[in-house]
Structure formats: C-alpha cells, structure tokens
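Novice: Each chain is listed here by its residues.
There are 2 protein chains.
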Amino acid sequence: MAQVLYDFTAEPGNNELSVKEGETITITNQSIGGGWVEAQNSRGEVGLVPEDYIEVSYIVSVDVKTPTPSLGNVAASDLSFFDAYAPASTPAQNQVMHSCNAGSVSLLQATNGNDPWSAWNADSSGGSTNNWASNPEGTQTGKSAPDPWPPVSHGHPQAYQGPGAEDDEWDDEWDDMKSTGGYAESEAGESGALQRGGSHATSMKISLNKFPGFSKSGPELYLLCKQLVKGKDRLPIYMGEVGPVWSYPETQLDCVVADPKKGSKMYGLKSYIEYQVTPSTTNRPVNHRYKHFDWLYERLLEKFGSAIPIPSLPDKQVTGRFEEEFIKMRMERLQGWMTRMCRHPVISSSEVFQLFVTYKDEKDWKMGKRKAEKDETVGVMVFSTMEPEAPDLDLIEVEQKCEQFSRFTKSMDDGVKEILTVGHEHWKRCTGPLPKEYQRIGKAFQNLSSVFTSSGYQGESALTDAMTAAGKTYEEIAQLVAEQPRKDLHHVMETNNEYKGLLGCFPDTIGVHKAAIDKVKEGDKLVAASKITQQDKVTMAKRASTMSYALQAEMNHFHSNRIYDYNRVMQLYLEEQVKFYETIAEKLRQAHSQFTTM
Amino acid sequence: MAQVLYDFTAEPGNNELSVKEGETITITNQSIGGGWVEAQNSRGEVGLVPEDYIEVSYIVSVDVKTPTPSLGNVAASDLSFFDAYAPASTPAQNQVMHSCNAGSVSLLQATNGNDPWSAWNADSSGGSTNNWASNPEGTQTGKSAPDPWPPVSHGHPQAYQGPGAEDDEWDDEWDDMKSTGGYAESEAGESGALQRGGSHATSMKISLNKFPGFSKSGPELYLLCKQLVKGKDRLPIYMGEVGPVWSYPETQLDCVVADPKKGSKMYGLKSYIEYQVTPSTTNRPVNHRYKHFDWLYERLLEKFGSAIPIPSLPDKQVTGRFEEEFIKMRMERLQGWMTRMCRHPVISSSEVFQLFVTYKDEKDWKMGKRKAEKDETVGVMVFSTMEPEAPDLDLIEVEQKCEQFSRFTKSMDDGVKEILTVGHEHWKRCTGPLPKEYQRIGKAFQNLSSVFTSSGYQGESALTDAMTAAGKTYEEIAQLVAEQPRKDLHHVMETNNEYKGLLGCFPDTIGVHKAAIDKVKEGDKLVAASKITQQDKVTMAKRASTMSYALQAEMNHFHSNRIYDYNRVMQLYLEEQVKFYETIAEKLRQAHSQFTTM
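So the sequence lines, in the order shown, correspond to chains W and V. Numbering of the first sequence is given in numbering that gives the first Met the number 0, commencing with residue 0 and proceeding in unit increments. Numbering of the second sequence is given in numbering that gives the first Met the number 0, commencing with residue 0 and proceeding in unit increments.
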C-alpha cells in the first residue's frame, strides 16, 4: 500500500497509470526499476507510477534516493594482483595486463555499498568528527512539494547512478548504435573480448550492477605496464609556486549552456529537452540532450576518474521533467558542471571534451563518439600519459601527501554536509513558518487598526492609518523573507552541493593511490618471491611518484578553485544578506515615519 | 501523582517540602489553598509544595492559572429587583435600598464562570469573530522555564483572584486589623450588619467565593435611591470637543515606583518586598508592599468599578518571588498600573488614592485605611456623585451608546488577544529556534573555515580569516535575535496585556449599564403594577442618562489613552526594529568587507 504525494498524469501508450494526490494505491511490482513501480488503483487499473510520486507506508523520506552503487565501466573478471601473478592465472589475463590493454577499469565505486569513504576510513578517520553517521534531518513530511534541497543523506544522492537507471528514454540511442551492427567486431583487433566490453559498456553495466560483490581491479595495470603512451596525449605536470600543477592553457575555455528546447521523436510519443552549448573558442553553438552530457560524463569518468574527480551530472529527476522550474534548475546545474569541466586544464583540452563542444555536424559527432568509446588509455592507464617535470618522490612522501589529501577531503566533506544540513533547515524555516509569522503579525496590526477605526472617536485616523501601514509593512517583510533564500542561500547551497558531489569522488581517486602505494610497499616481497623483477620494483616506485605528482597537481587545482568558489559565494551571500536587512530596515523606517509624534 | 517542574527549597519552619525538578511526588491534599498543595515524596516525607512548581498527570499548561471568579466586595444576600420590590421582601432589605446604604455591591464578575463577555454575548457578538472560543496555544511543554508571556487563555489569567488566594502571607495584616477589635461594631451605627460586611470584606470574600451561584445585585440601588451624594465627592462631567469628558486636573499626577527592598518579619520566617512610591505632587516617597497595592485595588474596584474599569494588578506569582528578574518585572507592571491610575482624573483625585500616595505616617495610613473601608458611596452608588453638565439623554441614545461601546470593547479584546497570541509565538521563535539556527549557520561557516585552514595550501588565509569572521557574525546575529524581543516585542506585549486586563473589566462595567437600561425599559410596566411611582420612573430615566454620560466620559478617556498608548508603543517597536535590522546589516557589511575581491 502506498500514498500518492503528487498528481501524475500518464503519458498515452507508455503503460503508465494516472494518479491523484492523496490517493491510496497498491504496489504490484516494486522491481520495475528506472524510478518506476507498477501499481494498482482502487478501480483495479494497473500501470506504472514514478516512485518519487508515492510514499510507501512508513518510509519517512521520499526525496532522497538510495544511491545505486555505480561501477563505472568495469571489467568482466577480477584482476587482483596476486591472481594475476599466481601460477594458476590464465594466459589471457597475463596478456591483457602486460600489453597494457585496459579497455575496462574499476573505479572502486562499488566497494562498500553506500559509503564511498568507508574503504579507507580506518586509515584516516583519526580524530575528525564523522557526521557520516548522524543525519539530523531524518524526518520530513511527505506532503510538501518537491524540495530543491533535500536533506543530506548518508550516501551520495547525486552520485552517478548508471545510465538508464531512471528513464528508459535514455536507452534508445544506444539501441540505435547497436543497430549499426558489427562495428565493435570489425575494429576489435587483437584485444578482442575486452574491447567489445568497452564499446558496449553502457548496456553491460546495467547487468554488471547486479553483482554486488564485484571487486576492483588494482593500479598494477599501470604500475607494471611495459610501455607508456607517447605523443599528443602527453600530460605534463610542472612545478609551480604552490607545488605540482597541471599545464594551464593561456585562455580558459568557457561554455554557455542556454536556450533549452523541447523536442520530440517517435511521432511525439517521446519528448526531450535539447540545450544549446556555446564554447568561447568557436562561439558556435552545438545542441545536446541530457543523455549526451551523460555520455560525456561517462567517457570522462572512464578516462580520467582515477586521477581527477569527475563530479556527477545533476540528477535525472523524473519529477516535473517538463516543468519550467525544473528545466531552469537543471540548466543552471548543467552550466555549473560544464563550467567546472571547462576550468579543468586536463579535461577541457581532452579530445572527447573538445568533440562535445565543437563537433561540426552529425557525422562528425558520431565518428568522434565511436573513437572516444574505443579509447584505450582509460582508468589507471591515464597515469601513463602523465609526465612530471621534477625528480621522483620517495614513497614516504608519496604516502604522506596521499594521507593529507585523504584527511582534508574527508573533513571538507563533513563541513560541506554540515552547511547543507543547516542551510536546508534554514531554507525550510525562511520559506515556511517565518514568513507566515510575519504575515500574522501584519494581519494582527491591521485587524486591531480596523477595530480602532470603528471607535467613532475623533482624530482616530492619525493612529489607524499609520498602524495599517505598519501591518502592511510586516506583510511585505513576510514576502521578502520567503523570497530571500532564492537570492542568497540558493547559491551557498548550489556551491556546497557541487562540492559535495566533487568530494564524493575523492574516496575513489584517493583509493587508487592508496592501492598503488600498498603495491609498491610489497615490492621487496614480490621480488623475493620472484613474482616481479628488481626492475619492475623500481618502475613501480617511479610510477607511484608520477601518480603522486598527478594527485598533488589535482589537489592544487582543487584548492585554487575551492578558494575562488567559496570566496565568490560567501561574498555573494553576504552582499545579498546586507541588501535584505537594509531593505527591511528601510521599509520599517518608512512605516515608523507615518506615526505622528505626540 | 505529580511531576516536579522546578526545584523548590523548603523554608525552615513553614511545613514545606523541598523537591527537585523531575521528581515524582504524591499529592496528599489538594485543597490547602493559597497556591499550595500537600505532597509526599518517595522517602515518605510530607509537606507543602507550591502548586505552580508541579504538573499533575496530564494537565497541559501549568503557567496559566484558571482564574478564580472574583466577586469584589459582595453583599451577603441577593438584592435582585423583583425580590426587592416583592411583597415578601424583608423590611431590612427595603430599608437598605431606599436609604442608599450600599456597603456591599456586586460587580457581576462571577456571573458566568470564566467568560466575562458571555453575559452579553448574545446581544453583541453579531458578525464579529469570537476568538474567545478558540485557543491556538493549547499545548505547552511543562519543562520550559516560566514564560513571561504565557499563551492567551479563555479567561483572564491576570484577572483579580481574590486576596490570599495564593499566599497565606497576605492574610497576616488583616489578622492584625481584626485584633484591633470592636472597631466595626463601635462605629457601625444604624446600617449595622452590612457595614460590618463591608469592613471585614476581605476575610468574607474568601468564603463567599465558594458559592459559585452567587448572583449580582442590580443598578436599581442607584436608579431608585432617594438622595444623592453632595459635597466634595461631586464628580462633574463636562461636554468637551469629543463629547462628555471627566474633569481633568491642570497638571497630571505622576508616580514613580522604584527601589524594591526585601524586608522580613516574624524573626525572618516571612519575607516580603517593599516598593518606594513617589508622587510628583509631594515628591516624598512612601513605602508599600504588594498587599497594600492589592488593598488599594480592592478599594478602587469597590468604589469605582461600576463606572470605571479598574485593571487588575500584576499576578502574585509564587514562582521566583525573590528572583531579581521577577521583582523587576513586577515593579515594571506595578509602575504601569500606577501610571494608568494616575492618568485617570477620577481615580487619581479620589481620597483613597491620595491617601495611598501621600500618607504621612503609619497612624495616618491606618486611619485613612479605616475611613476608606467605611466608604458607603461604592458600587453603583458612585453614579450618585456624578453630575453631567448637559441635558438628559433619551433612552434610545443611551442604549445606542452602550451597544456601541460594548461592540467596540469586545472587538478590541479580540484584536488585542490576537496580537498577544501572535506575539507570544514570535517571542518563542525569536528566543528559541531562530537564534539556534543562526548559531548553527555561524558554526558551520567556522567549521568549514577551519577545515580550509588545514589544507596546507598557500594563500588560504585570505579566505579563511574572512570566512571565520562571517561565521562569528552569524553567532552575533543569533545573540541579537535572541535579545531583541526584550527590547521591542516586550513593550507591545506589555501594552496589549494591560489592555487585555482593562478590556476584561468592560463586560462588568457595561453590564451595569445594560441592566440599568433594562430596568428603565420596564418602567411603564412597574408603574402599572404599582411597584414604582411615575416620579420613580422619571428619576430612573434621568439617572440612566447620568450613567450614560459617565460611560461616555469613561470611553472618551479610554479612547484618548488608547490612541496615546498605541501610538507610543508602535513607534517604540518600529524604532527598535529599524535599529535591529540596521545593526544586522552593518555587521554583515563589515563581514563582507573582509573578503578580498578576486
């Protein structure tokens, strides 16, 4: 049994069921997936209903989605270090490893259910407070309209939830791709099976998601691979004033996401929103649907995720998909996401990102897509393209840096979530009880004033006119209070929400580094057991150093952006707050001036 | 069984029982009175506990006292009109009536339990909303400290509750008086029994209070009395610009209530607070205990209550009687009460009031007290001293005026209570959840800032110093928000609370007028039945006109004071509100200036 929270009108031909707010329905199949459940109404009609629109018996919060563990683009078999070097390991596995074909990588995202930090918590949780375990925002009445700032949950509601997880619409173009037929086979070459795994990743992932125990492959792919990538993919790391830094372009790429347009296909049965993306370099707009952003996100995650936290895209909420407010909000967040990607020197200059923002025509786009999906330098192999222009670091230093970043990102995650929790509560108060109270104060003054007017006593209007004006002023203040959060708190929330998403990627990124450090530490043991050569051990240490430079460069990029972002949002917030209080003071001053001095 | 809400420490030798907050005790005798109950603790000890300190089983609110119906100084027998004129009426009753000896009067206060308006509700409730029947503030957690603004109740928590109702301390001086012996008898003269009733009124009232059905005596005492009071007690009513007005003195009396001092007696067993009252006329301070104020209140109520609403004194709360905060609050309210009395030309010039503020010594005070208690021109007889200098009004006009004031005071009572309810809620929010939220916002900013400080990234302090300052600013704002109600809302609440008390007296005052009008309307019938003469009928009409002039003079006094009071309190409130918002804006402007432009 479930309670319907919001009206939902079925789209014709989609096997959906129209329901009304307050209606009680019976859930007949909860495992439909994609954000839908099958339900039966009191008239016996059965159909699909968005699960966000209903509240099942005593479940407290419906806005917070339980994150589905995401595996990124994963390998079909577990290539753990000792397995790979064990005598029993298959020749195929060894071949894959040593030829550095890494069409499939794990981003560790599924290691521990909902808590991406837990994998390395034991090492780093130290004395820091862990608000992971406490969620003061537990209760929420199901009756209110969808909240732009749902309470902070233990997991990552924003974390990537796999393509097609919520909306079957997103699948269709992949089906189109399959129908081009034979492509993967025809160009698969020697790396065969795994290559196919790569190119058909999106349809594979869904089924792989169903193996909860699926474990990660380690950084040894990179640490021990024989040859490194050369040529135009090279990613130099320089020593800047703050330490290791990426190579920054002279002018920063910028993109404007604008002009959302509703399109449709399949004779109007399916509709979608198309956004115009205009890069500052060409100033020529290209069109992209949400699923194209999603495709880009996946490519970036696959290619750079081991070295660079790739924040997830804004939620693919079913709720109000075509409502103006929602489209505006999604566009604002897609803009935020694009801006962040543009600001990153490695991402913005990557071939796949450039394709996304500057493709010339449909053919160009399709060609580029195929090429990007065939990219072999993904996962930990991205480190093979990195070239620090500095002496190698010893392992102790590498480890210290890693620990430091791990502690920092964990603490910042706590701090950001505290702000989101407090901000969410403040938002609720400012848009709910507080303006209601000011309104009641305003009404009470006006009511008393109108009683006074009825006295028949002469000279009454000197008081009553002013008192009525004062009452109206408090009604205006109510309005100001209710509208203010959209002007200031909104930006604080958006920025912190973005950072929550970014910080949620660090456990994976840092996890790759920790795993690499562990492998290097085992070096002597492995040499003694003749599992690796002395040269392999030296190579591993050198590559761990390269990984550390990459991590430091990324952290320095993160810090510099963070300082800029928080500086900006705090200033914006305080500016708007000052204006807010000044406006109220001025309104009250005017109200006061209407009273006559006696 | 009862739950102890606050710690209470027994005073030695007073048969009291010390109890701790949270303790469960068994009530062994609830009918102790005087605000005490007898209780037994878990160790079997029995003693007296203040009933305000405990909460019995599921009683929701302990702060709001159920008002004990007050009878003022009442007659021992019911002198209703027809009884008085019925053949069976005793000679004694007739004698009292016709000789205008009115040592005892009813002020109608006990006619209908808790609702003083209900007696005339049917006539005037018309289309106006009656918030008498709805109390949105029903629930209150018993755990919070005593609230200066308990929710508005249906009755009058502030209404006079009879002397000695809460504290046996108040009785002792009356005992002293009794011990002077024989006085009442010796000076009683011809009006005998009823006179004694008057002079011993205070001890009588307590037992009379126990007769819930005790009914009022009507205004016929005045309407039909044979001779009117002459001489210095004469109260002229003039025609002013606004209509009938009292005779106002050239300079208005003013009194300062100050310098509360703790005194004690009975070898320190009993202690009390003495206030210094300094009138502007003599500028010579006199000392008064609360019970002296109470005595004055009773005299004024007895003498003027039929014509002039006499607001009750501030509550005689047991809770925190010797706490500084409470003493300050009571003094502020006694000051407010005295100021209102001083402002009233009839009251301030009365002999009893002048005695209170200007008595020379103990003997003077005692003599004056006895004289005041013997005053026969009390109750409706006060109208016999009033002399309107204007032509008589016809009954229709008298009735219209009465209805108009009745409607107005009822509507204003609703409006005032709405402000009190809304203000009380606002007070709770401003001193509770709101500052807590600002504090949490401040802490969240500071916490994130201290995480940032730990980054080790250079140039961090440009952000973190400013962010910490912003966080501290929000903590300061929390403080400002929590303190603000005492600076502004407090005055709005005090003024409206005073008016609630005043308005609560009008049903009685207006009830006397309505009863008089009814009697005059019956004039022809009574003449026809030979119960009164034609001359009596003419006299009654003329006296009803006098009463109407008195009511109009009083309403004009009320209106003029009301306009002044609300003008002043609204200005004060808005002034403080402007300062409040300006202070916050300025603090935020400073916080903003600490951020560096990037």
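Just so you know, these hints were derived from the structure itself, not from any lab. Note that the structure is a prediction, hence the values are computed from the model and not measured. Where hints are given, some of them may not hold.
To be verified - In the DSS-like style, the derived pairs of lysine-lysine whose C-alpha atoms are separated by at most 30 angstroms in a straight line are:
1. K327(V) / K586(W)
2. K435(V) / K19(V)
3. K578(V) / K578(W)
4. K520(V) / K327(V)
To be verified - Here are the simulated distance ranges between beta carbons:
5. S460(V) / R233(W): 17 to 25 angstroms
6. E15(V) / S460(W): 50 to 58 angstroms
7. R485(V) / K486(W): 24 to 32 angstroms
What the hints assert, rightly or not - Rough simulated footprint, nothing fancy, chain V against chain W, three-plus residues with beta-carbon under 8 angstroms:
8. 284–298
9. 403–412
10. 422–432
11. 449–457
12. 589–595
Built from N, CA and C at the ideal position, the CB exists for glycine as well.
Novice: Does K586(W) lie within 30 angstroms of K327(V) when you go C-alpha to C-alpha?
Specialist: Between K327(V) and K586(W) the Cα gap is close to 34 angstroms, so the pair fails against 30 angstroms, i.e. violated.
Novice: Can the restraint linking K578(V) and K578(W) be considered satisfied, given a maximum Cα separation of 30 angstroms?
Specialist: Holds: K578(V) and K578(W) sit about 15 angstroms apart, inside 30 angstroms.
Novice: For the region 449–457 of chain W, does the count of residues with a C-beta closer than 8 angstroms to a C-beta of chain V reach 3?
Specialist: holds (count 7)
Novice: Mind checking, does the region 589–595 of chain W have 3 or more residues with a CB under 8 angstroms from chain V?
Specialist: Held - the region 589–595 of chain W has 4 residues with a Cβ nearer than 8 angstroms to chain V, which meets the minimum of three.
Novice: Can you take a look at whether the region 422–432 of chain W is actually covered by chain V? Rule is 3+ residues, C-beta closer than 8 angstroms.
Specialist: holds (count 5)
Novice: Quick one, are K520(V) and K327(V) close enough, alpha carbons at most 30 angstroms?
Specialist: violated (50 angstroms)
Novice: Falls inside 50 to 58 angstroms, the C-beta gap from E15(V) to S460(W)?
Specialist: holds (57 angstroms)
Novice: Do the Cβ positions of R485(V) and K486(W) conform to the proposed distance bound of 24 to 32 angstroms?
Specialist: holds (30 angstroms)
Novice: Test coverage of the region 284–298 of chain W by chain V using CB-CB distances below 8 angstroms; three residues minimum.
Specialist: Three-residue rule not met by the region 284–298 of chain W, so violated; n is 0.
Novice: So the hint says 17 to 25 angstroms: do the beta-carbon atoms of S460(V) and R233(W) match that?
Specialist: violated (36 angstroms)
Novice: Is K435(V) within 30 angstroms of K19(V), Cα to Cα?
Specialist: Holds, at about 28 angstroms.
Novice: Report holds or violated for chain V covering the region 403–412 of chain W, Cβ cut-off 8 angstroms, minimum 3 residues.
Specialist: holds (count 5)
Hint compliance for this structure: hints 1, 4, 5 and 8 are broken, all remaining hints hold.
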